Amino acid sequence: MSSLVAPFSVPFMGRALAELLLLALVCGPVSVLVFLRRLAFVADALTHTVFPGVVIGFLVAGWTGIAGGALVAALLTAVALTVLTRWGRLSDDTTVAVLLTAMFSLGVVLVSRQHSYTSDLTAFLFGRLLTVTPAQLAQTAVLAAIVLTGLAVTARPLILRAFDPIAAATAGYRLTLLDLGLNTAVALVVVAAVQAVGTILVIALLIVPAATARLLTDRLTAMAVIATAVTGLAAYLGLLASWTASVRYGVRLTSAAAVVLTLVACYLLALLAGHLRRRPHRPAATVTR
Amino acid sequence: MAEPTAAPVADSALHLAQADVGYRRCAVLTDVNLTVAPGQIVALVGANGAGKSTLIKAVVGLADVLAGTITVAGRPARQARGAAAYVPQVDTLDADFPVTAADVVLMGRYRPTRWLRQIRPADRAVAADALARVGLADRARTRFGLLSGGQRQRVLLARAIAAQTRLMLMDEPFNGLDVTSQDVIVTQLRDLAAAGTAVLLSTHDLRLARDLADTACLIHGGRAVTGPTEQILAELPGTYGYGSQAADLHAARPGR
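Just so you know, the protein sequences line up as chains A and B, in that order.
Its first residue numbered 1, the first sequence is counted upward by one per residue in the numbering used here.
Its first residue numbered 1, the second sequence is counted upward by one per residue in the numbering used here.
FYI, nobody ran anything at the bench for these hints, they're computed from the structure.
Honestly, I wouldn't trust all of these hints.
Unchecked claim - Cβ-to-Cβ under 10 angstroms is the rule here; a few derived chain B residues that face chain A:
{"id": "1", "residue": "Leu-66"}
{"id": "2", "residue": "Pro-76"}
{"id": "3", "residue": "Ala-80"}
{"id": "4", "residue": "Gly-82"}
{"id": "5", "residue": "Asp-94"}
{"id": "6", "residue": "Gln-118"}
{"id": "7", "residue": "Arg-143"}
{"id": "8", "residue": "Leu-147"}
{"id": "9", "residue": "Gly-150"}
{"id": "10", "residue": "Ala-163"}
{"id": "11", "residue": "Arg-166"}
{"id": "12", "residue": "Leu-208"}
Keep in mind the model is a prediction, meaning the values are calculated, not measured.
Each residue gets a CB set at the ideal place from its N, CA and C atoms; glycine is no exception.
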C-alpha cells in the first residue's frame with residue numbers, strides 16, 4: 001500500500017500531483033465545452049500559439065517570465081481566433097491553421113537564437129512537471145478559480161450556443177461574447193498547464209477527458225464530473241508509473257508523457273466499456289421441447 | 001398585389017420596412033416590407049436558397065440589415081434581443097448532443113439578463129408545462145437524439161413555448177414530420193395565435209401554409225411579395241419551383 005502513496009510524500013512528486021489535480025478540476029468542465037463546440041482544432045491552435053509568448057517571456061525574464069508571456073499570447077490569440085473565425089472570409093479551420101503555423105514558427109525562430117536551443121525547446125514543448133514550484137501551484141489555483149467562476153456563470157448559455165446558435169442569438173445572447181469567453185477559458189487553461197506539461201501535451205488535457213466521459217454517459221453534468229475524475233486518476237497513475245519505472249526499474253519515463261498515455265489508456269478502456277454498454281441485448285433463446 | 005391589412009407599426013410584433021438584408025454588405029433580399037401582428041400567423045414561402053432563413057436570421061441579428069428597418073415589438077431588432085423565440089428545422093441540430101428533452105425545453109427559459117441564477121423553480125414548472133402541451137411529458141428524461149424526428153420537433157416547439165415571447169420564428173418546422181407530430185404542432189400554433197402570439201413560419205408545405213396562415217410572404221429572386229395566402233398561392237403554379245404542389249392545391253380548392 002505504501003508504494004502507492006509513498007512516492008507522493010516526496011515534495012516534488014506531491015507538488016506535481018497537486019498541480020495536475022488542480023488542472024483536472026478545470027480541464028474536466030472546459031474539455032466538455034470544447035467537445036460540445038467541436039473546438040479540438042481551436043484548442044490545438046491555442047496550445048501552439050502560446051509558444052512564442054512562452055519563449056518571449058523566457059527571453060525577457062527567464063523561467064519566471066513564462067507564465068506572463070503565455071498569458072499575453074493566449075489572450076491575444078483568443079481575441080484573434082474569435083474575430084477571424086466570426087468575421088474572417090476564410091473557413092474556420094483555414095484561419096486557425098494559418099494562425100497556428102505562423103505563431104508556432106515564430107516561437108521556433110525565437111527559441112533557435114538561444115545557445116541551449118534543444119533543451120529549452122524540449123522544456124517548452126513537454127513541460128517540467130517535476131519542477132513545479134509552490135508559486136506555480138498558487139498561480140494555477142488562481143487561474144483555475146477564475147475559469148471555474150466564469151464557467152459557473154456562463155455554462156448554460158455556452159451549452160445553448162453549442163446546441164443551437166440561432167436560438168442563443170434569438171434569446172438575446174451575443175455569440176461573439178460567448179465565443180470570446182470560451183476561447184479565453186481555453187487560453188487560461190493552456191497558460192495554467194503550459195509550464196507543467198508543455199505546449200504540446202496540454203492539448204491532451206483539453207480533448208481526451210471529455211471524449212472519455214462522453215463514451216460513458218449521456219448526461220452533461222456527469223460528463224464534467226467523469227472528465228475531471230478521469231484526469232485526476234490519470235494524473236495519479238501516470239505519476240506513479242513514472243516514479244516506479246524510474247526508481248524501481250531504472251527506466252526513464254517522462255512524467256507528463258506518462259500521465260497523457262494513462263489518460264489515453266482510460267479513453268481506450270472507456271471505448272471498450274461504451275461499446276459493451278451500447279451493444280443491443282439479445283433476448284435469451286427459449287427452448288421448447 | 002395588394003398589401004394585407006396590417007396592424008399599426010407600433011403595435012406589430014414584427015415589422016420590416018424597405019429592409020435590405022444579407023451578409024457582409026451583400027444583399028440577399030431587398031426592399032422587404034412585412035408586418036406580423038399579434039395573434040397573426042404569416043407563412044414565408046419560397047424555393048430552397050431563396051432567402052427565407054436569411055430573413056429570419058436578420059430578425060435575430062445574425063444577418064445584416066443593410067438598409068431600411070426591422071422592428072420587433074416596436075423596438076429596433078438589435079435592441080429587442082430576447083423578444084422572440086426560435087424553432088429550427090430539427091435536422092439542423094446535432095442528434096448526438098448529450099441533453100434530455102427536458103434540458104432542451106429548459107433552454108427556452110435562459111435569459112442574458114440572468115447571469116447568476118439562470119434557472120429558477122418557476123422556470124422548471126413552465127418548461128414541464130410546455131413539454132406536456134406537446135404531448136411529451138413522459139419523455140422528459142429521454143435523450144433528445146433518441147426521440148423520433150417528429151418528437152424532437154415537438155420538443156423544439158415546447159422550448160419556444162416555454163420562452164413565453166410574443167413572437168415566434170419557425171424555420172421549416174414541418175419538413176419530414178409524421179402526421180401525429182404535424183397535428184400537434186398545428187394545434188399548438190393555432191392556440192398560440194389565439195392567445196396573441198405572432199408567428200412567422202417558413203415552410204415548403206403549401207397546404208399547411210394555406211390552412212394556417214391568412215397572410216403569406218413569397219420570397220423569390222431577392223424580393224419579397226406579401227399578400228393574402230390564397231392570392232400568393234395563385235401566383236405559384238409553374239413558377240418559383242412549386243409547380244405541381246401549387247397546381248394540386250388549386251385543383252383541390254373548394255368550389256372548383
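Verification of the hints:
1. Leu-66: violated, 16 angstroms
2. Pro-76: Violated, because the Cβ-Cβ distance from Pro-76(B) to chain A comes to roughly 14 angstroms (cut-off 10 angstroms).
3. Ala-80: holds, 9 angstroms
4. Gly-82: Holds - the Cβ of Gly-82(B) comes within 10 angstroms of chain A, reaching about 3 angstroms at its closest.
5. Asp-94: This interface hint holds because 7 angstroms falls under the 10 angstroms limit.
6. Gln-118: holds, 5 angstroms
7. Arg-143: holds, 5 angstroms
8. Leu-147: With a closest approach of 13 angstroms, the Leu-147(B) hint is violated.
9. Gly-150: violated, 18 angstroms
10. Ala-163: This hint holds: Ala-163(B) lies near chain A, its Cβ roughly 7 angstroms from the closest one there, short of 10 angstroms.
11. Arg-166: Interface hint status for Arg-166(B): violated (13 angstroms vs cutoff 10 angstroms).
12. Leu-208: violated, 22 angstroms
Of the hints listed earlier, those the structure fails to meet are numbers 1, 2, 8, 9, 11, 12, in rising order.
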